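Chains A and B, in that order, give the protein sequences. Just so we're aligned: the first sequence equals residues 24 to 237 in this note's numbering. Just so we're aligned: the second sequence equals residues 24 to 237 in this note's numbering.
Watch out, some of these pointers could steer you wrong.
If several chains are the same, the list does not tell them apart, and a pair holds so long as it fits within one copy or across any two.
To be verified - Each computed DSS-like pair below joins lysine-lysine, with the alpha-carbon atoms no more than 27 angstroms apart:
#1 140 <-> 113
#2 140 <-> 187
#3 113 <-> 226
#4 102 <-> 140
#5 113 <-> 210
#6 70 <-> 80
#7 70 <-> 226
#8 113 <-> 102
#9 226 <-> 187
#10 113 <-> 89
#11 113 <-> 70
#12 89 <-> 226
#13 102 <-> 226
#14 210 <-> 70
Just so you know, these hints were derived from the structure itself, not from any lab. It should be emphasised that the depicted structure is a prediction, and the values quoted were computed from it without experimental measurement.
Protein chains: 2
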Amino acid sequence: MEIPPVVIDRLPLYARALSMLEAREREVVSSQELGTRLDVTPAQIRKDLSYFGRFGKQGRGYNVRKLLDELHRILGLDKQWRMALVGVGKLGRAILDYQGFAPQGFRIVEAFDTDPKRIGEQISNLTVKNVEDLQRVLSQNPVDVGIVAVPAEIAQDIIDALIKCGVRAILNYAPIATRVPPGIQMKRIEPVLALQSMTYYIKNAGRPAASARS
Amino acid sequence: MEIPPVVIDRLPLYARALSMLEAREREVVSSQELGTRLDVTPAQIRKDLSYFGRFGKQGRGYNVRKLLDELHRILGLDKQWRMALVGVGKLGRAILDYQGFAPQGFRIVEAFDTDPKRIGEQISNLTVKNVEDLQRVLSQNPVDVGIVAVPAEIAQDIIDALIKCGVRAILNYAPIATRVPPGIQMKRIEPVLALQSMTYYIKNAGRPAASARS
Chain A
24 MEIPPVVIDR LPLYARALSM LEAREREVVS SQELGTRLDV TPAQIRKDLS YFGRFGKQGR
84 GYNVRKLLDE LHRILGLDKQ WRMALVGVGK LGRAILDYQG FAPQGFRIVE AFDTDPKRIG
144 EQISNLTVKN VEDLQRVLSQ NPVDVGIVAV PAEIAQDIID ALIKCGVRAI LNYAPIATRV
204 PPGIQMKRIE PVLALQSMTY YIKNAGRPAA SARS
Chain B
24 MEIPPVVIDR LPLYARALSM LEAREREVVS SQELGTRLDV TPAQIRKDLS YFGRFGKQGR
84 GYNVRKLLDE LHRILGLDKQ WRMALVGVGK LGRAILDYQG FAPQGFRIVE AFDTDPKRIG
144 EQISNLTVKN VEDLQRVLSQ NPVDVGIVAV PAEIAQDIID ALIKCGVRAI LNYAPIATRV
204 PPGIQMKRIE PVLALQSMTY YIKNAGRPAA SARS
């Protein structure tokens, strides 16, 4: 059975909420409480989870640890994932610095750039390699995920090259529409989309700062 | 009528798809086609839009330009939005460099840091100011959105300070759970969540790179 992508996108949110509950030693949680924390209806949570089997007992809620383990298994978060970063400009360096990947099992094991001034540089225990050597390097040291932090003009070429090297998931920071073939996953980091839904809520509060666009 | 946040979150996606169609001079689009482009059911699109009135005629599809104008008005994207950035480390500099904000009406008009070495520095036409002067600076030059690119340890303090200055929306890059009071919008940029739903799709393809976590 094909599971809708929006369902898959919600599972990490469920896992995160359950992790927080587990950290506070909670043993059981209702779909009602989980829903309130995540702004999702309890019916939606029950429906989403029903794709993967039967969890929890009617009226008794979910066992936090068991459901969390199960979600980790479903999502593949019980594994270590290896990533290659392409682009070590300002953004790429910020990504290498990012403290959120490692605790969740994601590790950047290679970094590439096109700029001769950056190639050979040591950043965060990695030596920056030449993008021209992508194929050779990744055949010896394969990765699961490619992180794209290059200028918009070359983003598609870099994505194509990573996929040629066997990378099956792309985390794309380039502010441009790009394509991947079927079977390849891509998620874009899109700060503008996040801003655009917040403006709905703040647009009518009448701050002097917001002026009509002409 | 209270409109569910998930509906509001989908509107920018609809607007983006319509912009692309408009750029290709398409005049009409069906909910079917829009749905296929966005991986949302046509029924969902019709239901989402029905919160805001009647768009399109039965069996005739939506007028691209009219629906796009309407979504821009609903979301407040026909306005210019002013933003203040706090934190001009690697990530903050990458955000200042980001080319995606301005074309959508979002402009960073102030930048702050706590580091004396950075205060006074000129970056992208802005002079970095002292976070201690946040209140004074933003009372003279008010902003709608605060962008938080500071270390996790001080993220909550910075968010609290921005809200005290009248900021009503926070774009939060700090990798940590933070709180805002009711009525204040916050979106987190979360690369890990994006990775965690992609692993679902790639976990079973058996790359040698993914090894069991022990």
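Hints, verified against the model:
Within a single copy, residue 140 and residue 113 get their C-alpha atoms as close as 14 angstroms, and across copies as close as 18 angstroms, so both meet the 27 angstroms cut-off. For the homomeric pair residue 140 and residue 187, the shortest alpha-carbon distance inside one copy (26 angstroms) is at most 27 angstroms, but the shortest distance between copies (44 angstroms) is not. Neither within a single protomer nor between protomers do residue 113 and residue 226 lie at most 27 angstroms apart by alpha-carbon distance, with minima of 32 angstroms and 31 angstroms respectively. Proximity of residue 102 and residue 140 under a CA criterion of 27 angstroms is satisfied in neither setting, with 35 angstroms inside one chain copy and 41 angstroms between copies.
Taking the shortest Cα distances, residue 113 and residue 210 sit within 27 angstroms of each other both inside one copy (20 angstroms) and across copies (22 angstroms). For the identical chains of this complex, residue 70 and residue 80 are intra-copy neighbours only, at 14 angstroms inside a copy versus 32 angstroms across copies, given an alpha-carbon limit of 27 angstroms. Proximity of residue 70 to residue 226 under the C-alpha cut-off of 27 angstroms is restricted to the inter-copy arrangement: shortest distance 23 angstroms between copies versus 34 angstroms within a copy. Taking CA atoms no more than 27 angstroms apart as the test, residue 113 paired with residue 102 passes in neither setting, with 29 angstroms inside one copy and 29 angstroms between copies.
For the identical chains of this complex, residue 226 and residue 187 are inter-copy neighbours only, at 19 angstroms across copies versus 45 angstroms inside a copy, given an alpha-carbon limit of 27 angstroms. In this assembly of identical chains, residue 113 and residue 89 lie within 27 angstroms of each other by CA distance neither inside one copy nor across copies; the values are 41 angstroms within and 39 angstroms between. Within a single copy, residue 113 and residue 70 get their C-alpha atoms no closer than 42 angstroms, and across copies no closer than 42 angstroms, so neither meets the 27 angstroms cut-off. In this assembly of identical chains, the alpha carbons of residue 89 and residue 226 lie at most 27 angstroms apart only when taken from different copies (20 angstroms versus 43 angstroms within one copy).
For the identical chains of this complex, residue 102 and residue 226 are inter-copy neighbours only, at 8 angstroms across copies versus 43 angstroms inside a copy, given an alpha-carbon limit of 27 angstroms. In this assembly of identical chains, the alpha carbons of residue 210 and residue 70 lie at most 27 angstroms apart whether taken from the same copy (24 angstroms) or from different copies (26 angstroms).
In terms of the numbered hints stated before, the structure departs from hints 3, 4, 8, 10 and 11, listed from lowest to highest.
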